[in-house]
Amino acid sequence: MDRNSSSSSENRKIKKRKRSRSQKKEKKKYKSKKSKERKSKEKKKQQKKQGEKIPQKQLIKEKDVKIEVQQKVLENETKEQRNTRLKQERRKRSRSNSAVKHYQKQILANNPVTKSNMLGYDKQDRFWDGFTWVPKTNLHDKVRDDKDKVMSLTSRMRRIQLCNIPTGLTNRDLYAELSRFINRNYLNDVGNAKPILYCHLNEKDRTCTIELSSVEEANRMLKLEEIKLLDESCKIFRLGDNLYGQSVNQSQLVQQAHNMAQAQAAAYLALKSLGFARGQREEDEILAQAGIPSRIIKVGNFLNVAMAINLNKNEWNEMREDLLEGFSQYGQIEDDFFVKPFQASLGAEAGSLFLVYSTFEDAQRTVISMYGRTYNQRSLKIIFINEQTYIRSYIPLKLRQQPETEELLKREQDKYDDEEFEEEEEYLEKMDNGCVIEKNNNNQQQQQ
Numbered sequence: 001m002d003r004n005s006s007s008s009s010e011n012r013k014i015k016k017r018k019r020s021r022s023q024k025k026e027k028k029k030y031k032s033k034k035s036k037e038r039k040s041k042e043k044k045k046q047q048k049k050q051g052e053k054i055p056q057k058q059l060i061k062e063k064d065v066k067i068e069v070q071q072k073v074l075e076n077e078t079k080e081q082r083n084t085r086l087k088q089e090r091r092k093r094s095r096s097n098s099a100v101k102h103y104q105k106q107i108l109a110n111n112p113v114t115k116s117n118m119l120g121y122d123k124q125d126r127f128w129d130g131f132t133w134v135p136k137t138n139l140h141d142k143v144r145d146d147k148d149k150v151m152s153l154t155s156r157m158r159r160i161q162l163c164n165i166p167t168g169l170t171n172r173d174l175y176a177e178l179s180r181f182i183n184r185n186y187l188n189d190v191g192n193a194k195p196i197l198y199c200h201l202n203e204k205d206r207t208c209t210i211e212l213s214s215v216e217e218a219n220r221m222l223k224l225e226e227i228k229l230l231d232e233s234c235k236i237f238r239l240g241d242n243l244y245g246q247s248v249n250q251s252q253l254v255q256q257a258h259n260m261a262q263a264q265a266a267a268y269l270a271l272k273s274l275g276f277a278r279g280q281r282e283e284d285e286i287l288a289q290a291g292i293p294s295r296i297i298k299v300g301n302f303l304n305v306a307m308a309i310n311l312n313k314n315e316w317n318e319m320r321e322d323l324l325e326g327f328s329q330y331g332q333i334e335d336d337f338f339v340k341p342f343q344a345s346l347g348a349e350a351g352s353l354f355l356v357y358s359t360f361e362d363a364q365r366t367v368i369s370m371y372g373r374t375y376n377q378r379s380l381k382i383i384f385i386n387e388q389t390y391i392r393s394y395i396p397l398k399l400r401q402q403p404e405t406e407e408l409l410k411r412e413q414d415k416y417d418d419e420e421f422e423e424e425e426e427y428l429e430k431m432d433n434g435c436v437i438e439k440n441n442n443n444q445q446q447q448q
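FYI, the numbering for the sequence shown is 1 to 448, going by full-length UniProt numbering.
Calculated directly from the structure, the hints in this document are not laboratory data. Don't take every hint at face value.
Unchecked claim - Subject to a maximum C-alpha distance of 20 Å in a straight line, what follows is the list of computed DMTMM-like cross-link-like pairs (lysine to aspartate or glutamate): (1) Lys13 / Glu42; (2) Lys36 / Glu10; (3) Lys398 / Asp336; (4) Lys194 / Glu216; (5) Lys66 / Glu77; (6) Lys149 / Glu177; (7) Lys223 / Glu211; (8) Lys340 / Asp322; (9) Lys194 / Glu177.
Stated by the list, open to error - For each label pair, taking beta carbons as the anchor points, the in silico distance ranges come out as: (10) Ile292 / Gly326: 19 to 25 Å; (11) Ala306 / Asn164: 42 to 48 Å; (12) Asn317 / Lys149: 18 to 24 Å; (13) Glu321 / Ile292: 27 to 33 Å.
Heads up, the beta-carbon is just placed ideally off N, CA and C, and yes, glycines get one too.
Given these sequences and hints, build the entire structure.
Listed below in structure tokens is the structure:
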């Protein structure tokens with residue numbers, strides 16, 4: 001036992017000695033490494049200090065020398081050498097670009113976030129859940145889609161119709177007047193400056209179909225029940241309903257149109273059997289397009305708004321004389337009103353001409369005979385105007401035809417023309433003699 005214990009103790013001692021030796025060796029190696037690192041750091045610091053100590057003048061000189069050498073080389077180069085040099089530079093650039101693209105591809109393959117950014121995915125539309133790109137529920141798109149659906153579903157509720165539209169109005173006039181009326185009376189939604197989306201005038205039926213931007217605006221207009229245009233009351237009702245509020249089915253409308261077509265065909269056959277000429281029917285159609293017969297007609301569509309603004313007084317007078325000469329051949333004209341830009345109003349656009357004939361027959365004859373004529377390469381549009389609307393709405397505009405400023409200028413011009421004209425030399429002689437000053441003083445004393 002004693003021998004075994006002694007041997008084990010000796011073995012332990014030997015192992016400890018070996019461990020201590022190995023540890024010492026490792027410590028020495030570690031110290032040597034640290035010392036080498038310190039020395040290398042000190043050398044680098046010294047090199048940096050020496051580099052900083054180099055004066056800037058020497059660096060500038062070296063740069064200048066390099067630039068001069070390059071310039072000399074470029075000057076002495078031939079075309080072949082220059083081409084080879086440029087090719088080498090292009091190759092270097094292409095290699096660098098290809099390397100950049102290669103690294104970009106690796107980045108895209110390894111990082112899905114950068115891949116999405118490079119490929120143009122919008123972070124607001126999609127997000128990365130760790131496996132795939134999942135689309136987000138964008139509220140703005142949802143609201144836009146919902147708005148389109150609401151507009152398509154409520155298109156019938158947003159449409160209203162005006163009946164008994166006065167003759168002489170156009171789509172542009174109705175759109176401007178109704179949008180102004182809605183904005184002035186606060187019938188539009190808050191912040192909606194353009195409440196009317198669609199406006200269509202049916203001249204035969206004297207009705208106007210309007211599509212508003214919301215159902216609330218249409219309901220506010222329906223509460224009015226009527227609106228006045230040129231002092232004529234126009235009733236308002238929802239499209240698809242008649243004046244008494246009863247809804248009309250689509251099949252009923254189709255049946256009514258079919259019945260009307262059959263009635264027109266029967267009337268035409270009856271007229272043909274009675275011996276009416278085809279020309280008589282064409283004249284009736286022309287008169288029906290012009291509206292309810294009257295002594296007053298309106299001639300339009302021969303002047304553009306820009307053309308009307310740029311015309312001077314002589315051109316206005318020449319145009320008026322030409323039109324009166326043409327329209328007076330078929331009847332006696334009692335009065336006329338040629339609308340100028342400062343007189344333009346609802347139903348009386350700039351450049352339109354109102355003619356008052358002595359009889360209904362003269363007015364009808366001119367409408368039939370002047371149908372399809374052109375002026376300034378534009379087809380004339382001739383319609384009848386009610387006498388009451390002409391008296392109420394258009395005669396006040398005619399009174400503004402000669403403003404006070406024009407009359408005053410004419411009077412001053414007439415006075416200037418009546419005065420005696422003196423030659424310049426005689427006037428200067430009087431000034432030198434003091435005659436003009438004495439006259440002025442005498443006039444001032446008489447006024448006092």
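Status of the hints after comparison with the structure:
Annotation: proposed proximity of Lys13 to Glu42 is violated, straight-line Cα distance about 43 Å (limit 20 Å). Restraint check: the Cα-Cα separation between Lys36 and Glu10 comes to about 39 Å, which exceeds 20 Å; the hinted pair is violated. Proposed proximity of Lys398 and Asp336 is supported: the alpha carbons are some 9 Å apart, at most 20 Å. At roughly 14 Å between alpha-carbon atoms, Lys194 and Glu216 fall within 20 Å of each other, so this suggested pair holds.
The hinted pair formed by Lys66 and Glu77 meets the criterion: a straight-line CA distance of about 16 Å does not exceed 20 Å. Taking the CA atoms of Lys149 and Glu177, the gap is about 30 Å. The hint is violated against a cut of 20 Å. A threshold of 20 Å between alpha carbons decides the hint, and for Lys223 with Glu211 the separation of about 16 Å falls inside it, so the pair holds. Taking the CA atoms of Lys340 and Asp322, the gap is near 16 Å; set against the 20 Å cutoff, the hint holds.
In summary, the hint linking Lys194 to Glu177 is supported, as the alpha carbons are separated by about 12 Å, within the 20 Å threshold. For Ile292 paired with Gly326, a C-beta distance near 24 Å keeps the hint of 19 to 25 Å intact. Here the CB-CB span from Ala306 to Asn164 is close to 33 Å, at odds with the stated 42 to 48 Å. Separated by about 58 Å at the C-beta atoms, Asn317 and Lys149 break the suggested range of 18 to 24 Å.
Distance hint check for Glu321 and Ile292: the Cβ-Cβ separation is about 30 Å, which falls inside the suggested range of 27 to 33 Å.
When the structure is compared with the earlier hints, violations turn up for hints 1, 2, 6, 11 and 12 and for no others.
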